[in-house]
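Participant: Here are the chains, one letter per residue:
Protein chains: 2
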Amino acid sequence: MFKTGKELRDAIRNGRFTGPTAGQAKGYVQANLAVLPKDWAYDFLLFAQRNPKPCPLLEVGETGSPFTPILAEGADIRTDIPRYFVYEKGVKTAEKTDISGLWSEDYVYFLLGCSFSFEQALLAEGLEIRHITENRNVPMYVTNIMCRDAGRFTATPMVVSMRPFSPDHAEKAAEITRYYPAVHGSPVHMGDPAAIGIKDISTPDFGDSVTLKEGEVPVFWACGVTPQMAAAVARPPVMITHAPGHMFVGDLHDSDFRI
Amino acid sequence: MFKTGKELRDAIRNGRFTGPTAGQAKGYVQANLAVLPKDWAYDFLLFAQRNPKPCPLLEVGETGSPFTPILAEGADIRTDIPRYFVYEKGVKTAEKTDISGLWSEDYVYFLLGCSFSFEQALLAEGLEIRHITENRNVPMYVTNIMCRDAGRFTATPMVVSMRPFSPDHAEKAAEITRYYPAVHGSPVHMGDPAAIGIKDISTPDFGDSVTLKEGEVPVFWACGVTPQMAAAVARPPVMITHAPGHMFVGDLHDSDFRI
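Protein chains in written order, with the working numbering: chain A, 1 to 259; chain B, 1001 to 1259.
Read the hints as simulated data drawn from the structure, not as lab findings.
Hints should not be assumed to be uniformly reliable.
The calculated SDA-like cross-link candidates involving lysine to any residue, where the alpha carbons are at most 20 Å apart (straight line), are [what the hints assert, rightly or not]: (1) B:Lys-1053 / A:Ile-70; (2) A:Lys-53 / B:Ile-1259; (3) A:Lys-38 / B:Asp-1039; (4) B:Lys-1053 / A:Leu-71; (5) B:Lys-1038 / A:Pro-69; (6) B:Lys-1053 / A:Tyr-179; (7) B:Lys-1053 / A:Leu-252; (8) A:Lys-38 / B:Ile-1259; (9) B:Lys-1053 / A:Phe-257; (10) B:Lys-1053 / A:Gly-151; (11) A:Lys-53 / B:Leu-1252; (12) A:Lys-53 / B:Gln-1049; (13) B:Lys-1038 / A:Asp-39; (14) B:Lys-1053 / A:Asp-256; (15) B:Lys-1038 / A:Asp-106; (16) B:Lys-1053 / A:Asp-106; (17) A:Lys-53 / B:Tyr-1179; (18) A:Lys-53 / B:Arg-1050; (19) B:Lys-1038 / A:Arg-152; (20) A:Lys-38 / B:Thr-1063; (21) B:Lys-1053 / A:Ile-259.
Which chain A residues stay away from chain B? Per the calculated CB distances, all over 10 Å, these [stated by the list, open to error]: (22) Leu-45; (23) Thr-63; (24) Leu-102; (25) Leu-122.
Even glycine gets a Cβ: it sits at the ideal position worked out from N, Cα and C.
I would like the entire structure built from these sequences, with the hints used as guidance.
Facilitator: Quick look at the structure:
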């Protein structure tokens, strides 16, 4: 178990760690990665500005720069993430543990907030998070809530993650996460899955199914998988992301993102 | 006195209103305007992303579009603001009440949150806002707090607005504005002006001086004049802004921007 973001990143850079980052460097912020050519960066930046709940930007690189002066001094986006997916025209064409050989002076990276950050706050307030209890990945669903279009990023449905709670804990979870707008903020929906276009709560589109107990309310938050959905529709020539669960881990703390 | 944003914008569009917007359409959101050529829009969007306190983006247009589907259905950025300033290479070259003749398919507009929005919340909680009491413009100062650079927008000092309060009201004001990250959020500094590079609190760089009473604490918020400071340093070929105090008024309410 690595204690700090820096320790973990060093191990990743040296090839000693290539696994999922959940549970590592507890309390340090974890982030989603998206890399795009400069020609597509403006549209993506605009897409994120118009859709801050699914796409909360924590840091955006200068064109061609793999460095992250805001989230982690000395980190390198090309080597410090355990696993990457490479997409060409919306199709996954490679999986890597280092993208130094692919990097271009024309690339711009985007790091987006991740719900791992608010989960710590929920646990600290005594709430049970079902997918952690059941040692599964959080269930994620494609909804009928449409994102705002931006340039070539159009017709993108919002992806949400779901956590079940008793009605009073659901209200408490909503209140706690409201203070974390940089990591998806308050829920986008509570209750009836059909109201946001989810036909069967027991078969998520991504991640794993979790137990929904009698009387519990499913609570839905905007999810950082949404940008990958946007790219699947818009089909940019290249887009590099982290592999699901294999996040960038910074030097800032989750608590730094509470307003 | 106009009651709604729409009533006010109609009067502005028809040339019946060309004055400052303070006190008009109470409770409706007011916003700062910046228009830039597309070639500069990415750098500005990035500058705003990295400096959300001085540059909280409420809406960004599609390239060439003067319409504002988010803040106000049917509004037109070219005609619905009472007064505009035109800058070329950082120098003010014209003042207009309509920019239809200047608009280009290559322009992108940015609307940024304004502290008018949180002032309503402060007044509602029983706080006195000195510059309103004294019927003056809010005092603004150039600080030694440097903004994060983004592309060609470099070496930009943050501009702040100042409101004096008793120590307990200062704390209360900080707590209230924290919930309004889209309109500058919590203060960037409270107390000693010299600590942020302000030599003489009685001579603001913009706006008017207000009375600072014995025992009062000056409270400083990031200010929407900062983008104009950034443009003065970077000198883009053209930048169009609203004239100070002559804001864009939307259909959304100030309260919509409370998280």
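Participant: Which hints, by number, does the structure contradict?
Facilitator: The structure conflicts with hints 5, 8, 10, 16, 22 and 23, although it agrees with all the remaining ones.
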